[in-house]
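Peer 1: Which chain is which? The protein sequence lines are A and B, in order. The first sequence begins at 1 in full-length UniProt numbering and counts up one residue at a time. The second sequence begins at 1 in full-length UniProt numbering and counts up one residue at a time.
These are computed hints drawn from the structure, not numbers from a lab. Certain hints may be false.
Straight-line alpha carbon distances no greater than 27 Å define the calculated DSSO-like cross-link-like pairs of lysine-lysine that follow [as the list claims (entries may be wrong)]:
#1 A:180 <-> B:83
#2 B:168 <-> B:83
#3 B:180 <-> A:27
#4 B:118 <-> B:83
#5 A:192 <-> A:180
#6 A:180 <-> B:180
#7 B:270 <-> A:27
#8 B:168 <-> B:180
#9 B:180 <-> B:270
#10 B:118 <-> B:270
#11 A:192 <-> A:92
#12 A:180 <-> A:27
Stretches of chain A that chain B covers, calculated by requiring three or more beta carbons in the stretch to come under 8 Å of a beta carbon on chain B [said to hold, decoys possible]:
#13 35–47
#14 57–71
#15 99–111
#16 224–238
Only a predicted model underlies this, so the values are computations on that prediction, with no experimental measurement involved. Virtual Cβ for every residue (Gly too), placed ideally from N, Cα, C.
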Amino acid sequence: MTVAVSILPEQQLAALNAAYRQAVARKRLRLLFGVALFAAALVLAAIGAEVNLRTLFTYFGNFISYFDRILTLDSGQRVWTDVGEWLWGWRKWLKMLGETLLISYVGTLIGATLAFALNFFAAENTSPSPWLRFVVRRLLEFARTVPGIVFALVFVIAFGLGPMAGVLAIAIHSTGALGKLFSEIVENADMKPVEGVRSTGASWLSCMRFAVVPQVTAGYASYALLRFEINVREASVMGFVGAGGIGQELVVAIRKFYYSDVSAILLTIIVTVFIIDITTGWLRGRLFGKEART
Amino acid sequence: MTGPQQVDAREIRARYPDVFDRPASARLAMPAMIVAAFAILVYGLVDLDFSPSRFFAGLSQLGWISLMMIPPDPGSSLPIYLKALGETLSIALLGTTVAALLALPVSLLAARNVVPSKILRFPVRRFLDSIRGIDTLIWALVWINVVGLGPFAGVLAIAVSDFGAFGKLFSEAIEGADQKQVEGIRAAGGSPLHEIRFGLLPQVLPVIAGQVLYFIESNTRSATIIGIVGAGGIGLQLAEQIRVLEWQKVSFLILMILVAVAAIDFISGKLRFAIIGRRAVA
């Protein structure tokens, strides 16, 4: 089957071609400009961060050999040839891991409770007054932006060394993060039930309890589980500043060059994180159907 | 309650039994879960040495600390702090860029529509997962052992830990890409490399650019803390001032971090919308 392709007369075609080339050239120029700007920023950053490629190339072998060393026992054998020797401290490490999990659990639960209490004031559609919304939002923003480990550093001084500081740091950071997510769910909630409840003469509290909460609990639980996952990772480093958990053991092992211990502790952390990820993913799927899994 | 209403209620109960008389297992599941969650909470509080007296003593201590933080005052070390802040921003920018450049080729290997063989994809994915399972701070400690104290270790730490995250995100973006364009290139006689270059990349680059910008934002936060273990940037100053209890300087540093993070958020938000339009990345 032949199809006649109509070709425009030469003059018209030339004008269109020129316009096309010009558009492409302009786009290229803009891209080039963007790339140049980005490259300049990178060079500036490299100077600021004291990047020294020679150091990297000289010591990159160290990075590889570091992993070689942490996978070697004192006797010179590979770690997996003698698992008993490699994981010699498993009792202690499991206990510390349990503590880490407890820290993240308690921290997440306290944080989620506080976020639950605050989020109705922060949401556009349910907040009783604009100034209250402003104050709560700024508070949540502060709690979210200051990294958890900075809170931990301060709390270690205020509450003393130990897991309590870690729990409170994680709780505050989670309050900030969850408060924002929760209030976004509330903003997406259907307002018709609220009108229905309010039309019966109910107070603000009853409106929230009977019209908003039933719509949003599934989303809340899903986000809280996700946060728990994140907090397990975060709790694993709280020990670096003395706020409890497995991080304490890890930082000692790294700083004192107990090579095979480093790999053993890292392995236990990775396995724990895997298990928690898979379990919470499964739980989210079970509780809220497939669409809430991502 | 008056009589007729009660009769009404009974009638409604009889008509809709499964609304009013749910099986015991369904009715008890929720309270049981709440009790279990609460029991673990109480056990945790006891096991982690929580006590009201310690809590309130700490709170009053915290109150004192907050009072001593006012007003924020850098003393004479403002230039040092500004330099440290610049270092932090540099660490975030460089680390994220390096991670993105390294992750792009690897993410192709982890994407289902580029590498159909499961045997090839599986190890790549688990490798990325393991890298992501280790916190940035731990990577920072490892790199300090390799290249020494300083911001360079921070750049490498962020680059490595984001490499894992980017690898996963990019491969998901690639899997979500439309296959029709790839098929079009193949139909026109393109090689597999052509398919990736002209079929896949134009689709995924805007998404990837959005994610990279988002990570630069979130890495500004991570870069502030890796200094705590000695990997340069403003975190180093912050940890030092907290340890010597110079609270006015601490509050000034925290304010600096908040302002810097807000500024980066603003800029990268603008850039993101310019690149991918108003439909922001989730």
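Peer 1: The structure should be examined with respect to each hint, and the outcome stated for every one.
Peer 2: Hint-by-hint comparison with the structure:
For the suggested pair residue 180 of chain A and residue 83 of chain B, the alpha carbons sit about 32 Å apart, so the restraint of at most 27 Å is broken. A threshold of 27 Å between alpha carbons decides the hint, and for residue 168 of chain B with residue 83 of chain B the separation of about 34 Å lies outside it, so the pair is violated. Distance check on the hinted pair: residue 180 of chain B and residue 27 of chain A sit about 25 Å apart at the alpha-carbon level, within 27 Å; holds. At roughly 48 Å between alpha-carbon atoms, residue 118 of chain B and residue 83 of chain B are farther apart than 27 Å, so this suggested pair is violated.
For the given pair, residue 192 of chain A sits about 23 Å from residue 180 of chain A by alpha-carbon distance, which is consistent with the 27 Å threshold. For the suggested pair residue 180 of chain A and residue 180 of chain B, the alpha carbons sit about 39 Å apart, so the restraint of at most 27 Å is broken. A hinted pair counts as satisfied when its Cα atoms are at most 27 Å apart, and residue 270 of chain B with residue 27 of chain A qualifies at roughly 19 Å. As the CA atoms of residue 168 of chain B and residue 180 of chain B are separated by approximately 23 Å, the hinted pair is consistent with the 27 Å bound.
At roughly 31 Å between alpha-carbon atoms, residue 180 of chain B and residue 270 of chain B are farther apart than 27 Å, so this suggested pair is violated. Taken as a hint, the residue 118 of chain B and residue 270 of chain B pair is broken in the structure, with Cα atoms around 39 Å apart against an allowance of 27 Å. A hinted pair counts as satisfied when its Cα atoms are at most 27 Å apart, and residue 192 of chain A with residue 92 of chain A does not qualify at roughly 55 Å. A threshold of 27 Å between alpha carbons decides the hint, and for residue 180 of chain A with residue 27 of chain A the separation of about 38 Å lies outside it, so the pair is violated.
Beta-carbon proximity to chain B at under 8 Å applies to 6 residues in the stretch 35–47 of chain A; the threshold of 3 is reached and the given coverage holds. Check result for the stretch 57–71 of chain A against chain B: holds, 5 residues qualifying (beta carbon to beta carbon below 8 Å, three or more required). For a cut-off of 8 Å, the count of residues in the stretch 99–111 of chain A with a CB near a CB of chain B stands at 6, and the three-residue condition holds. With 4 residues bearing a CB less than 8 Å from a CB of chain B, the stretch 224–238 of chain A meets the requirement of three and the coverage assertion stands.
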